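Protein chains: 2
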Amino acid sequence: MEKAIVLLSGGMDSLVCAGEALAESQEVSFLHMNYGQKTSVRERKSFDDIADFYKVKESDRKIIDMTFLKQIGGSSLTDENIDVKSYQGDSNVIPDSYVPFRNSIILSLAVSWAEVVGATKLYIGANYEDSPGYPDCRPSYYEAFNRVIKEGTKAGNIEIVTPVLMMKKRDIVLKGQELKVPFALSWSCYKSSDKACGQCDSCALRLRGFREAGIKDPIDYK
Amino acid sequence: MEKAIVLLSGGMDSLVCAGEALAESQEVSFLHMNYGQKTSVRERKSFDDIADFYKVKESDRKIIDMTFLKQIGGSSLTDENIDVKSYQGDSNVIPDSYVPFRNSIILSLAVSWAEVVGATKLYIGANYEDSPGYPDCRPSYYEAFNRVIKEGTKAGNIEIVTPVLMMKKRDIVLKGQELKVPFALSWSCYKSSDKACGQCDSCALRLRGFREAGIKDPIDYK
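Heads up: the protein sequence lines correspond to chains H and B, in order.
In this text, residue positions in the first sequence follow our numbering: the first is 1, and each later residue adds one.
In this text, residue positions in the second sequence follow our numbering: the first is 1, and each later residue adds one.
Everything labelled a hint here was simulated from the structure, so no lab data went into it.
Remember, predicted model here, so these are calculated numbers, not experimental data.
Heads up, some of the hints might be wrong.
Because identical chains share one entry, a pair is satisfied inside a single copy or across any pair of copies.
27 Å max Cα-Cα, derived DSSO-like pairs, lysine-lysine [as the list claims (entries may be wrong)]: (1) Lys70 with Lys180; (2) Lys150 with Lys216; (3) Lys191 with Lys154; (4) Lys57 with Lys222; (5) Lys191 with Lys3; (6) Lys38 with Lys70.
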């Protein structure tokens, strides 16, 4: 029986990945990383709500505490001395919300857990349009990482799956609607935890995606 | 000015890497991972002693707490329900002291810190003879990981350096002697923290290396 793990941050991209994984695999576990980001409590709530929605058993959910990332620093998401900036428009400049090599840390942990539980697929909601400036959101990065998994695991049979990597936000919204994912339970805002700010990079891209898809975003904005 | 980071566990292989890095780079930082292994306090003492020996500034030392690895489990080094076995002779079987994909987690964290501090070289004392059964100690694994770094970091200019990867333990001992590294301050035993047990895989390989090099291992054994 094929087992899959979904890296579920609680955002809309990872939610659509969860929808895909549940459509494609017999057994699906959800993995959440708390890396001490400003909205971590809110994101955790989305994780719980989505896992409840899909009736994922407690034993198939895992939260990994990555607050040790604060010890490394260098990002506005984890460093309290750096403010999260408002959306500045699309650019290829790496934003200051970048945690160096963060996706590799997350993927390594997820692959480790996948090996322990015997999962062979690992879904991640990385999206290129979202973050053209992040080097660890490029397709070539995931190809290279899959090679590391092949070389560095016992069986070499775990594969990273990136269903939304090259999709436009608009198409992710449409895909989610097709899969009937509960967008109302997701959280994307980097800045606020009560109502979404509507101003940060993540809110701006989400709002544009829903607008372009012609669908109303079901969450509340300030 | 070229900056290097050394992953210094406190064992003899990483100590020899530190000796190499100090001979080759102008500025060297030491990084230590505490992943909740049974001998973590003793290994930390070795890290401190070696950093003191080389007069590494406090600001150039970093300890990362990886005790969250216990949440993943699946290894006798971190799982208290699995005993560390005595040395069973050389084999290609992956030992139960294997933490799935551990080196990738460690390398990812180290690369993240390297990017923050601007280091371009990352020394790791992985040794193939030590652990032929560990998939993440194969040269092809490090080649693949260097590719991930090239793809997944801002500047793509951090390189993993594995000076002892294909060396016999005997030759590592001889190299260490040539570099005048303080072997007496290192710790290799997986099992004990007062005197080395002399029985576990790590002790057995260390003792054989010193014996074959014709040099007396300066640490105490039970």
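So, going through the hints one by one against the coordinates:
For the identical chains of this complex, lysine 70 and lysine 180 are neighbours neither inside a copy (36 Å) nor across copies (36 Å), given an alpha-carbon limit of 27 Å. For a Cα distance limit of 27 Å, the shortest separation of lysine 150 from lysine 216 qualifies neither inside one copy, at 42 Å, nor across copies, at 40 Å. Taking CA atoms no more than 27 Å apart as the test, lysine 191 paired with lysine 154 passes between copies only; the shortest distance there is 24 Å, against 40 Å inside one copy. Proximity of lysine 57 to lysine 222 under the C-alpha cut-off of 27 Å is found in neither arrangement, the shortest distances being 34 Å within a copy and 48 Å between copies.
Taking the shortest alpha-carbon separations for lysine 191 and lysine 3, neither the intra-copy value of 34 Å nor the inter-copy value of 35 Å comes in at or below 27 Å. In this assembly of identical chains, the alpha carbons of lysine 38 and lysine 70 lie at most 27 Å apart whether taken from the same copy (11 Å) or from different copies (25 Å).
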